[in-house]
Structures are given as C-alpha cells and as structure tokens.
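Sequence order for the protein chains is A and B.
The opening residue of the first sequence carries number 1 in our numbering; numbering runs sequentially from there.
The opening residue of the second sequence carries number 1 in our numbering; numbering runs sequentially from there.
Calculated from the structure, these hints are not laboratory results.
Heads up, a few of these hints could be off.
[Claimed, not checked] Computed cross-link-like contacts, DSS-like style, restricted to lysine-lysine with a CA-CA straight-line distance of at most 25 angstroms:
#	chain 1	residue 1	chain 2	residue 2
1	B	68	B	271
2	B	43	B	2
3	B	274	B	312
4	B	274	B	43
5	A	202	A	215
6	B	68	A	215
7	B	68	B	2
8	B	312	B	2
9	A	197	B	411
10	B	43	B	155
11	A	215	B	2
12	A	202	B	411
13	A	110	B	68
One letter stands for each residue in the lines below.
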Amino acid sequence: MRRRHFLTFSATAVGGLLVFTLDRQPLRVHAQSDRKIRVPLRFFDEREALLVSAAVARIFPSDATGPGAMEGGVVIYIDRQLAGPYGRDRYRYTQPPFEEGIPEQGYQGKATPREVYREGLVLLGQDFDRLTPAAQDARLRNMETTYFFRLLRQHTIEGMFCDPMHGGNADMIGWQLIGYPGPQMSWSDHIDQHYGKPFRPKPRSLNEVVGHQVKPGEEAE
Amino acid sequence: MKTLPRADVAIVGGGWAGLLMAKELGARTGLSVVVLERGAPRKTADYFEGMDELDYAIRLRMMQDASKETVTFRHTSKDRALPVRQFASFLPGTGVGGAGEHWTGITPRFLPDCFEILTRTVERYGAGRLPENHSMQDWGITYAELEPFYTRAEKLLGISGKTGLDPFEGPHSAEYPTPPQRTGYFPSLFRDAARSLGYHPSPVPSANLSQAYRNPDGIVRPACTYCGFCERFGCMVGAKAQPTNMLLPVIARHKSVTVRTGANVRRVLYKDGKATGVSYVDANGEEVVQPADLVVLASWTLNNTRLLLLSKIGEAYDARSGTGHLGRNFTHQATFRGVVLFFDRPLNRFMGSGACGVAIRDLDGDSFDHGPLNFIRGAYIGAYSRGHPPIGSFGVVPPSVKATWGSEWKKAAMDAFDCAANLGISGEHLAYRTNYLDLDPTYRDSHGDPLLRMTMDWNDNERNMIGFVSAKMAQVGREMGAREVVAAALPRRYDVNTYRSTHLQGGTIMGVNPGNSVVNPWLQHWRMSNLFVLGASTFPQNPSGNPTLTILAQTLRTADAIVDRYLKHPGLLA
Ligand SMILES: Cc1cc2nc3c(=O)[nH]c(=O)nc-3n(C[C@H](O)[C@H](O)[C@H](O)COP(=O)(O)OP(=O)(O)OC[C@H]3O[C@@H](n4cnc5c(N)ncnc54)[C@H](O)[C@@H]3O)c2cc1C
Ligand code: SF4
C-alpha cells in the first residue's frame, strides 16, 4: 500500500474573486465554503500534485479575467483520471507492434497516460512549482511539442469544464467563467427567446439535477 | 463450442437496421428471430444520469471499445497501415440500439439524383468530367422507388420538418408528421442571411420531436426539451428517436423475437452456397453456433464488410487489378468546418438539440451548374444550436491570437466561447478505386481475428468542392453580421484525429448485377440468396446528407421484399 497523500486547498482563495461573463457583467464566483479542504490523492503523491498544479495554473492562469486551473481543482481532476481506467489505457487499443506513424494515423505510443505523466514530470523538473511564472512559462514552452504537454493542456480544459463530480470545475467555477449552465432538463421556454442577448442561468451540476450521486467513469473497474 | 436450436432468422447487430428488421419480421410473420448484439442492453432510464460531457462525449462511454476491436488505417496501398488506437474521426456504436442511441437525429432524404449519379453526371457534363480514379456507379434503385419507404420511415420516427421550402428536395408523398423544431438564435441568423443572399433555407428535418407524437406502432414519445445533451448522448425523455425507445417496446410484444446481448459474431456459416447460421463468442467467452435459415447482417459498415471478408463470402476487392467487389467504394462523408464565425454577441448555444438547425441545399448535389467549376457535386450546409458542451468547444480563438495556452489565450477563448460558431459543411464523398477496405495482415482483435484495414484519402474533388462552398459560406457569415469570418483549413489528407461524422459507407455495395456489386437492389447477397446485408455499407458512394433515414427506408423495402416475396419463393429476388 502506498502512503496516503493529500492536497490541501484553501477554499477562501476561491470565494469573492471578480470574474467577467460573456455579457461583460461582473459576476461573483460563488464558493460553497471558506474552510480549508484536504483532498485525498489517488495517483500522485503530494509533491507531484504540487508540480502538476503549478503547471496547469500557467496553462489556464488565475488572472484579471478570473480564476484559473488552480482554483478549479484541475489537479484533482487529473489525479482521479490517471488513477481510473483511462489512466491505465483501459479503452485504448494497445496491441503491438508499436510503430512510429504519421500524425494522421493518431497517437501510436505505447505509454499509458500514467506513464506519460510520470515521464513528463521529470521534464517539468522537481523545482517547477518554485520557479517564477516567467521561468515556468519558458520551461513549458520548451515542452510544447511533447505528447505530455498535449495531454496536460487537454486535461486542463477537461478539468476546468467537466462536471464537478469528476473533481475539477470546483464550485462550477469554470462554467461560471464562460456562462455555461451545465446539465438542465429543459430549455423549452427559452430556445427561441433571448436572441442576441446573454441568457445566463445559474449553473447546476449533474448530482443536483438528478438528486443523487452519479458514479463517474473514473470509478469504474 | 455449443450449438443452439435453429432459428428462422439470425440478425447480426442490434442497431437501427437490425432492430427495425426484427420489428418488421416480428409484427408481420411468425418467424423465430434472434438478434445477436455484441454490446449490453440499454433503456431510456439509463440516460437520466447521462448528461455528463466528460464520460459520454469525451471518454465515449457508449461507443465501441477500441481496446477490443478497432481498424487500421493508411492513406494509400503503398503505405503501412497502423491501428486507430482510439476512435476520433468517426465513432462506431455498440450495445442495443447501436449508434442510433447517441446519434444526432438529422434526417434529410438524399437528393433524387444521388441514386443515378453516374448517369446524370455523364449526361450533363460528359465522361471527361468524372474525377481520375473514380469508381462511381448508380445505385440500382431510384428516388421514386424509395419514396414510399422514406415516407414510412418518417412516420415511424415522427420526423419534424417542413416540405416545400427547399426547391431541390425530391417529391414527398406526405408532409412531415410533425412541424419543424423551433429555431435557436444562431440558425435563425443563418436562415435570414441565406435567404437575403438568394438561397433557400429550410428547417433541418429532425428526429428530435418538435411535439409529442404517436407513431403507427402506437409508440408515444414526448417533445424535445432542447436540453443540449443530444449528439453523443442518449435522450433521457425519449424525444429523440432511438431504437430502444421506439423499436424495442414493439419487439417486446412479439414472443417470436429475441434480442441476445453480449453476442459477438465472428463468422457467417454456410454450406453449398447457402448460409446456415452464424458463430459468435458469448459474454462468457464461449463459442456458440446459432443455426438459421436466413441470415441478416446489420453490424454497420465496417463489420458488415469484415464479417464477409472473414467468412470468405464473395471476392475481396483487389485494388491493383481492380477485381472483386467486397471492400470497394469505401467512403466517409466529407464533413468540414468550412468557416468559423466570430460574433460580438452571445449565441446561447448551450440550448438546443442535435438537429435544431437550418440548412440549404443550393450548393448540394447538382443543384447548381458545375460547368465552369473544377469539381462535381456539393454539400449539405447547415447552422445548428445543439448544446455545444464546453470541453469540446472551448479554445476557439481568432487567428490573431497565436497563443494556445496562458492568459492571452484564456481571455480570447473565454470571449469566443459562446460568440464563435461554425457552419457545418457535409460534403458528398465520391467513390475512388484507391479508397477501400480489406483485412489487415498484422493487427488482430481480442479474439485473434484480423482487424479491418482502411485505405483512404481525400482527393482534389473534395478539396475543390469544400474550398468553393467555404468561400460562399464566408459571404453568408458576413451577411449574418459576424465580426470576423475565418476560413477553416481545407482538407489535405485524411486523418483519424478530428471528428467528421460517423457516416462511413460502402464495402458491400448494391448494384444491378453481380458484375458491379456485392448485393442486389433488395440488399440480398448475389451469391447467397438467404443472406441479406443492411445499412450504409450498401451505398455505392456517399451522398452529402446524413444516411440514417435512407438506411431505414431501405431496410423497410428489404423487409417488404422478404415478407411479401422471398418467404413465398426463397431464392434470388428479381
Ligand atoms: C455521434 C453520432 C452522431 C450521428 N448523427 C447522425 C445524424 O444526425 N443523422 C444520421 O442520419 N446519422 C447519424 N449518425 C449515424 C447513425 O448513428 C448511423 O447511420 C446508424 O446508427 C446506422 O445504423 P446501423 O444499424 O447500420 O448501425 P448501428 O446503429 O451502429 O448498429 C450496429 C450494431 O451492430 C453491432 N455489431 C457490430 N459488430 C457486431 C458483431 N460482430 N456481432 C454482433 N453485433 C455487432 C453494434 O454493436 C451495433 O449495436 C450518427 C452517429 C454518431 C456516432
Ligand atoms: S435535445 Fe431534445 S432530443 Fe436531444 S437529448 Fe435533449 S430532449 Fe432529447
């Protein structure tokens, strides 16, 4: 058994940030609590989680336009994906021979997402989270063409905008940023209304909409 | 290996085509029918928990598990094919209902001249205008012959639409059973702009019901709520026509029909020129033989072709000599983004349904004169409001923004998120001698059978056509009031990374004689009269419009032929 690792978030870092929705109306991001939360890690150890968290925070930064990947809990999302079936390539065709193809033939690598991350973290460097933002950006720019970076960027978008049940998009912060309301049962009264005007209903998560906990795919066998 | 009691009919694949055939045979005959479906059972109630973009639209929970079975791909006969290790450019379905569970529901009829494409093109422009290396041919049926079955299929699904607005559509013997869906903002902009430029926009025919509907089987489905979790999702209220919500309940009324899940068919068995059944691996990994008097393949384009190749039924196509028909005329609808439009106001596209849109056919088929142009045929062009969940749509930025991450990119992508949209261009894909399917010599599925190999590339006809149509759409985009209109990249080479559509066709094509096709116009195998092949694998080339309504119409036509004629006089239908 590996030692239990946790990542500690200060939820007050989330609350009260000013963000701008598409209609250019300032909107307060709603944070559910102002307590410290300790999130158990499933794949990374704490050190690795801090490195990944620092990297995704440069891809989708917290800045004048609003909160970013750090506040959205993207690293928690990635941790759970890597721990689950996706991380071990449960659904990818992994029969040999592995040959180098042309880009049009898609990713042909043998490495699973878990292995890609473990190698990628070495490239990122043990000191990554202690560098200045400019130095972090420079290091990431050097890795831009790697498969690891491609995954990291894609996972950042996923973790920012997935349903919160997957561990990212904390407090639906990502959805609030872009004015996306999440899953809802009906827009019948609205589909041909609001032409040309912003319509920004308050987001709801899947668990709220269905009224119980839905089992996310990363928890499948 | 165990051998089961004989069935009258074995149907391979429980998607749209297989279950429609099962329903027809169940309702109209007393035959014992077994549907063999490799995937799991499904029902509408499953979809209530399914409004999750990540698990369904990104991780593809409902689609074929590539770890067990995929295809290999190369551009030309000279290249080395490698496995498509994760599906992206097309998404094969699995499980009861097949891809019909998570389809979009866009249901146009094909233009009448599609069925006689070779004859009509030569008549109007001369044989000199046919592209190099083409292998186009007429279907062996006409629009007029298929029309009554189109009408029947539309009534079954309750298609929402309106005839008479599009001057290019073929004659309809009945108005659509339900009125068009309501129009979201973005498609409304397209409709108005297209009209003012002289095009003929009309609502996209939709299997997402505009109002509650009771079909001739007595199946009642409610109106679509425009929830936006439609394409790649199952409908939680049953408003989108899916095999599970409108065929399974009817099948359940007929004790003579069984749907067996977890049955992965590997071979069609035969003796003395007659199919004798199929063999499959069941959910426990056991080899099972299901004897049957009549075998129907409905396992979609790829496996229809692969099962015939693995079973050695018919002559495999040889691209070098041009002999054989099994595997040839493989096509993939040429769907491209065309133009991306950036507006300075939000489009509220989180509301909508798969087929909530407006389309034009003015630049489709042979609706316009190709005399001075460097291509033939055209595209079905539409603007949609269909939910566009954020993981898949976030990140579009104007070309002035070069960054793909970091603050500048984040701001631009946030600004564009609900203000940018593209016009969907679904282009016709002609058949070429160089695009085909055969068995891969190296890679195998989890049972040890060779994977299917796709040899496929775009040609100049598609490139020139998409370029022409995109330029026209840029004009429409400006008329729609877009602040910035950006031409998307044109097709260069076929690639498996970007989703286009799941409209793969050909491989077991139909035609008027055994010298040019695998099945006859009744979709009956030329060499084995008790073997029928349903679905788009029978389409000799890929018309622009979405295929499923035509698949269903043809399935109904074949069901009639089996019930009214074949069962009375088994043998080759004339
Ligand atoms: C995301 C998406 C959107 C789409 N949108 C549209 C649209 O808007 N309009 C449109 O017209 N079409 C659309 N399509 C395409 C449409 O889904 C197909 O044309 C249609 O489902 C084809 O019906 P079918 O019965 O031939 O195949 P399917 O519905 O795919 O069914 C085939 C079945 O055969 C089973 N099978 C395969 N091999 C075996 C085997 N060896 N043994 C046992 N069973 C097997 C599969 O598991 C599957 O259930 C879409 C598809 C996708 C994926
Ligand atoms: S948009 Fe309509 S048809 Fe599509 S899933 Fe939602 S309710 Fe069903």
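Outcome of the hint check:
1. The straight-line distance between the Cα atoms of residue 68 of chain B and residue 271 of chain B is roughly 30 angstroms, outside the 25 angstroms bound, and the hint therefore fails.
2. For the suggested pair residue 43 of chain B and residue 2 of chain B, the alpha carbons sit about 30 angstroms apart, so the restraint of at most 25 angstroms is broken.
3. At roughly 13 angstroms between alpha-carbon atoms, residue 274 of chain B and residue 312 of chain B fall within 25 angstroms of each other, so this suggested pair holds.
4. The suggested pairing of residue 274 of chain B with residue 43 of chain B is violated, with an alpha-carbon distance near 36 angstroms, which exceeds 25 angstroms.
5. As the CA atoms of residue 202 of chain A and residue 215 of chain A are separated by approximately 23 angstroms, the hinted pair is consistent with the 25 angstroms bound.
6. The suggested pairing of residue 68 of chain B with residue 215 of chain A holds, with an alpha-carbon distance near 24 angstroms, which does not exceed 25 angstroms.
7. Proximity of residue 68 of chain B to residue 2 of chain B is assessed by CA-CA distance (about 23 angstroms); at most 25 angstroms being required, the pair is judged to hold.
8. With a CA separation close to 23 angstroms, the supplied pair residue 312 of chain B and residue 2 of chain B stays within the 25 angstroms bound.
9. Pair hint residue 197 of chain A plus residue 411 of chain B holds up; C-alpha atoms about 20 angstroms apart against a cutoff of 25 angstroms.
10. At roughly 22 angstroms between alpha-carbon atoms, residue 43 of chain B and residue 155 of chain B fall within 25 angstroms of each other, so this suggested pair holds.
11. Under the criterion of a C-alpha separation no larger than 25 angstroms, the hint pairing residue 215 of chain A with residue 2 of chain B is inconsistent with the structure, at around 37 angstroms.
12. With a C-alpha separation of about 21 angstroms, the suggested pairing of residue 202 of chain A with residue 411 of chain B holds against the 25 angstroms cut-off.
13. Between residue 110 of chain A and residue 68 of chain B the alpha-carbon distance is near 16 angstroms, which keeps this suggested pair within the 25 angstroms criterion.
Comparing the model with each earlier hint shows violations of hints 1, 2, 4 and 11; every other hint is respected.
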